[in-house]
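S.K.: If you want the building blocks of each chain, they are given just below.
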Amino acid sequence: MDFAFTPDQQELRDAARSFLAERYPAERVAELAESDAGWDPGSWRELAELGWLGVTISEERGGAGLGSVEQAILFEELGRALYPGPYFSTVALALPALGPEEQARVAAGEARWSAEVDGLVPDLALVERVVTDEGAAPAEGETLETTDSTRRLGRLAPGARDPLPGSVDRARAFTALAAEAVGIAGRVLEWAIEHARTREQFGRPIGVYQAISHPLADTYVEAELARSLAYWAAWSLDEDAAQAPVAAAAAKSFAAEAAVAACERSIQVHGGIGFTWEHPLHRYYKRAQWIESFGGFPAAQRAEVAAALLDQN
Amino acid sequence: MRLTDTPEEAAFRAEVRAWLAANIPTELAQGRPREDVEAARAWSRKLGEAGYAGLTWPEEFGGGGAPYSHQAIFLEEAARAGAPQHLGVIGLGMAGPTIIAHGSDEQKGRYLSRILSAEEIWCQGFSEPGAGSDLASVRTRADRRDGHFVVNGQKVWSSFAHIADWCLLITRSDSESQLHSGLTYLLVDMHAPGVEVRPLRQITGEAEFNEIFFTDVQVPVENVIGDVGQGWSVAMTTLLHERGTLGFALTGALENAVQKLIALARERGVRDPGLRERIAREWIELQALKLTNYRSLATLVQTGIPGPEGSGAKLWWSEANQRLTKLALELLGPEAQLAGESEWQHLQLRSRGNTIEAGTSEILRNIVAERVLGLPRSR
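Residue numbers (the working numbering), protein chains in the order written: chain L, 1 to 313; chain H, 1 to 379.
Pulled out of the complex, with its shape left as it was, chain L reads as follows (with noise of 0.2 Å):
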């Protein structure tokens, strides 16, 4: 048992860290989330000459040939950044669906793809074309008004649809939102820290207060807990397929939650200035809540948990 990450996978993390603070701090993430646009198309050719494309695509087919905890390290990453673009709908929810030639594509950046979920389509704009149930649909339709204006669903347009080799893997997709939701987590709770050191009030600062300091404990505890089931949802999918299911909805019901939870909390410690539309903080809370309602409430995955753990022989 060895739950580290190896120099390489922290070498990422610092790689993507340190280009999304530089790419898209606060500000220009709020420039975007008001724009019509959303995102800004020119950061998808970094992103495919970065190799985040295709982390987990064959070396072969042009893609980095890393494993599935690569991948949610830089899930984690971008999340922590709120980065809008198409990627969670191209890379997580899209990908395990297409064949070999067209993940090829999407590695070298030339394919945008999304995927219909309930019959809603993220990123619907911003790509070419769409897995659903019935194959791939080209990406028409209607963009709807969504309170995460950093990833906008829409609802395709009736149409003919091509053969696919596959379809959405929950797990996948799961595993990806997971990871998402802490890196949410963990920046929300960096400001409330920040804030708490040094907004003072009754001459102290308010960090500490118990009534403060508690429930920012208990979010850092979340948020771990959390993370250590993100990344054995994301080893599972590697290396463990049966478990994978299981794993993927566990992460996924657990780390929506801590992500929501983190920003209520956040918001609550900031006081009125965690309320105001100038503080970053609703948009964190705003995607926090697009995750925990994507593919289901957490409910819902607890019931698939609890249908594995009750039902089955």
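No lab work stands behind these hints: they were computed from the structure.
None of these values were measured; they are calculated from a predicted model.
Pairwise CB distance ranges (calculated):
{"#": "1", "chain 1": "L", "residue 1": "Arg155", "chain 2": "H", "residue 2": "Glu267", "range": "41 to 47 Å"}
{"#": "2", "chain 1": "H", "residue 1": "Asp146", "chain 2": "L", "residue 2": "Pro7", "range": "58 to 64 Å"}
{"#": "3", "chain 1": "H", "residue 1": "Val301", "chain 2": "L", "residue 2": "Phe275", "range": "43 to 49 Å"}
{"#": "4", "chain 1": "L", "residue 1": "Glu49", "chain 2": "H", "residue 2": "Ala11", "range": "44 to 50 Å"}
{"#": "5", "chain 1": "H", "residue 1": "Ile367", "chain 2": "L", "residue 2": "Gly203", "range": "22 to 28 Å"}
{"#": "6", "chain 1": "H", "residue 1": "Gln202", "chain 2": "L", "residue 2": "Gly203", "range": "40 to 46 Å"}
Beyond 10 Å from chain L on every Cβ pair, some chain H residues (computed):
{"#": "7", "residue": "Ile24"}
{"#": "8", "residue": "Glu38"}
{"#": "9", "residue": "Glu59"}
{"#": "10", "residue": "Ala81"}
{"#": "11", "residue": "Glu119"}
{"#": "12", "residue": "Ser137"}
{"#": "13", "residue": "Pro193"}
{"#": "14", "residue": "Gln202"}
{"#": "15", "residue": "Gln218"}
{"#": "16", "residue": "Gln230"}
{"#": "17", "residue": "Ile305"}
{"#": "18", "residue": "Asn354"}
The beta carbon of each residue, even a glycine, is placed where N, CA and C say it ideally should be.
Please arrange chain H on chain L, whose structure you already have, making use of the hints.
M.R.: Relative to the frame of chain L, chain H by itself:
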């Protein structure tokens, strides 16, 4: 990252599992060792002879010199098998590591091997009626006279004190001192004249804990650990070890409880979606705790210090155990009130102590807030 045993770890796990299956005495298998002290002592001796006591202690002190992963595996397997505790948990987990870190060569030679062999049982004399979470306000006095200290005072919440041979005692040796200074850490013979132990009956009806009264107890100066007046830093070593690999023992016990909960739910054919979801939540949190222990262990192996992510292990475990045991009562329905109907009533009542013993949840949240998150001190 590798979330399975190495071949070497798997072999050790198989060896432990086989040994436990062959050796757990049937009269103790239900896990209530204190009711039959002689049987528990015999079991503890057996663990020592098999090399499972002091697995990670250095070999020069009779330990196994094994990596921490072996300790984790042993604790997991022992819990899974329902093995009774080694009677010397305080000796193994607290007295031994404290003596190894701060003791003299004579002290190491005198005490360590007898901890491993369960020849001598230890208890802890830290808390007092007026010093619980605020440990630094202890008032038990140790007055220097000739070649010894004279100890007077009262300690409380001492597990094993009624059968212990030795006590790890924090005393105030400088009556003018306050808080962390002027404390002296003594090893006290529980059979010495003036030591009186009274059991404390708890809400389960059992008496796991005791009060200890010290009246003019003479303790030789060579029984000081560390320096006179420096007891606080020695005590911190003891508490660090109390909270060290504890996580694996806790999640091992929790895993047992979750498996029993699942078995109960299957037996009752639970269909209620709300109950099913809550059962799933307990299983999920157990996985999260186990995995987080392993992350903390990976940091311990790399740096010699457990990772900060493990600091919430006892805090979360205690609350999970309270939730889980109440859920089991709910599955039992109204018959949950019939005492003796199942072990759940006892486990549920016992779980209320989990958020108090070995650091209250309030103190543990302070520790996470101050030492991990870097928030300003609340006191």
